[in-house]
Structure formats: structure tokens, C-alpha cells
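Visitor: Sequence:
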Amino acid sequence: AKKNEISFFSDFKYLNHLKKSKASAILVSNNLKNKVENLELNFIFVKNITIATNTLIDLFMSETNTNKVSEHFVKGKNCFIDSFVKINSNSKIGNNVKIFSNCHIGENVKIGDNSVINSGVKIYDNTVIGENNIIHSNAVIGSDGFGFAVEDNSIQKIKHIGNVITGKHVEIGANTCIDRSTFDSTIISDFVKIDNLVQIGHNVEIGSFTMIAGNVAIAGSTKIGKSCLIGGSSSIAGHLKI
14 AKKNEISFFS DFKYLNHLKK SKASAILVSN NLKNKVENLE LNFIFVKNIT IATNTLIDLF
74 MSETNTNKVS EHFVKGKNCF IDSFVKINSN SKIGNNVKIF SNCHIGENVK IGDNSVINSG
134 VKIYDNTVIG ENNIIHSNAV IGSDGFGFAV EDNSIQKIKH IGNVITGKHV EIGANTCIDR
194 STFDSTIISD FVKIDNLVQI GHNVEIGSFT MIAGNVAIAG STKIGKSCLI GGSSSIAGHL
254 KI
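The sequence shown begins at 14 in our numbering and counts up one residue at a time.
One or more hints might be untrue.
As the list claims (entries may be wrong) - For lysine-lysine, the following DSS-like pairs were computed, each having C-alpha atoms within a straight-line distance of at most 30 Å:
(1) K33 to K135
(2) K48 to K239
(3) K26 to K16
As the list claims (entries may be wrong) - Label pairs and their in silico Cβ distance ranges:
(4) S102 to K239: 19 to 27 Å
(5) F58 to G160: 49 to 57 Å
(6) D71 to N51: 28 to 36 Å
Hints were generated in silico from the structure; no laboratory data involved.
Backbone N, C-alpha and C fix where the C-beta goes; we use that ideal spot for every residue, glycine too.
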């Protein structure tokens with residue numbers, strides 16, 4: 014975090030990172046108050062970090078920014094846009110892009126040159142699709158991550174305001190879902206090939222030239238390196254490095 018940004022501190026093992034933080038304000042769990050009182054930083058003590066963060070997101074993201082729908086977008090040369098395609102405002106479609114019927118393209122989406130978006134694909138707001146991508150039917154790119162906070166006998170959804178970025182020459186199979194990150198980007202690097210019915214969680218990063226067969230599930234925040242081969246129906250837990 015930099016000056017004029019807000020961060021949070023919820024685990025004592027990150028104390029050394031906290032000491033180096035440049036954030037203007039930092040949310041801290043009440044149970045860690047006695048661990049940070051001597052640091053010269055601006056703290057806001059809260060009962061539940063996740064729920065407090067959700068409240069801040071609501072304050073900073075007004076309805077006018079999140080719910081505005083418009084037909085205004087930029088289209089490159091030699092594009093093919095089929096019937097029943099919805100493209101929302103501020104999106105940019107590159108040259109020679111093909112978007113087939115019944116696709117939904119959210120706000121602020123970028124689709125690189127020569128990419129093919131097959132029928133029924135849903136691409137959520139702020140997603141960046143690289144050049145020469147192929148996305149097969151009914152894939153969902155940029156859906157919410159799966160995360161919840163429990164407090165006072167209720168379950169509150171964790172908001173995910175990041176995005177998904179794909180590199181060049183990426184192929185994404187039918188009915189595959191790639192979740193957007195919590196704050197930053199879920200990243201699919203150049204030449205990654207993903208089969209059908211694959212689930213990729215929020216904050217995952219997949220290195221270039223990796224190939225993933227059908228029915229694989231990758232939990233959130235796992236980092237997968239370059240040129241990996243992941244067999245069908247494999248499951249990979251979260252926060253791992255491969």
C-alpha cells in the first residue's frame with residue numbers, strides 16, 4: 014500500500030510487513046491492538062476485518078459507478094459481432110475480433126486483436142482479454158470469488174473488486190469459470206491452455222505455457238508456474254506455490 018491508500022492487518026505473522034507499510038490508514042483486528050500500539054501508523058480498530066472492508070468498498074464504490082449501463086464502446090477494424098450481444102460502456106474491442114451470439118461483455122472490458130469469443134460467454138467488468146485468445150461457449154470470466162465472513166449468526170459475502178487478465182494466445186474451454194481477484198488481478202499468462210469445466214479461484218496466477226485438462230479445480234491465491242501439466246479432475250488447494 015502507498016500513501017493515500019487503506020490497508021489491513023489481521024495476522025501477527027505479517028508484522029514485519031506492517032512496519033514497512035506506507036498506507037495512510039490501516040484496519041486492525043481488535044485482538045491485535047496490543048501488538049501494534051507502539052507503531053507510528055494510523056490504525057482503525059475493528060471487530061471483523063472482512064466486514065469492515067466490505068463497508069469501505071460500499072463507501073468508495075457508488076451506484077453511479079457500478080450500475081451505469083450504456084451502449085458506448087470502442088470497436089476495432091474488421092470485427093464481427095453477432096446477434097444478441099451486449100457490450101457495455103467504456104469497453105474496447107480490438108481489430109478482427111469475433112463475438113458470437115448471446116455474449117455479455119461488461120463495462121471497461123478490453124479484448125485484444127484477433128480474439129474469438131464464442132456464443133454464450135459472459136465477461137464481467139474490468140476484465141482484460143489478450144490478443145489471439147479463444148474463449149469457448151458459456152465460459153464465465155471475472156465472476157465473484159468464493160468467500161464469506163461469519164458474524165453474529167449471519168453470513169456476509171466478501172466483495173471482490175479486482176479483475177481477470179489473460180495474456181496472448183490463451184484458450185479457455187467451454188463452461189470454465191475464472192473468478193476475479195479480491196483487489197488485484199487473477200492472471201492467466203501467455204499460451205496457457207485450459208480445457209472445459211475448469212474452476213479457477215480468485216487471485217490465482219497461472220504461468221505461461223501451462224496446460225490444464227478438464228474438471229480441474231484450483232482454489233484461491235495459488236500460484237502455478239510455467240509449463241506445468243495438470244491432469245483431468247485434479248484439485249489444487251489454495252495459497253500454494255507450484
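Visitor: Hint by hint, which ones does this structure get wrong, listed from lowest number up?
Guide: Hints 1, 2, 4, 5 not satisfied by this model.
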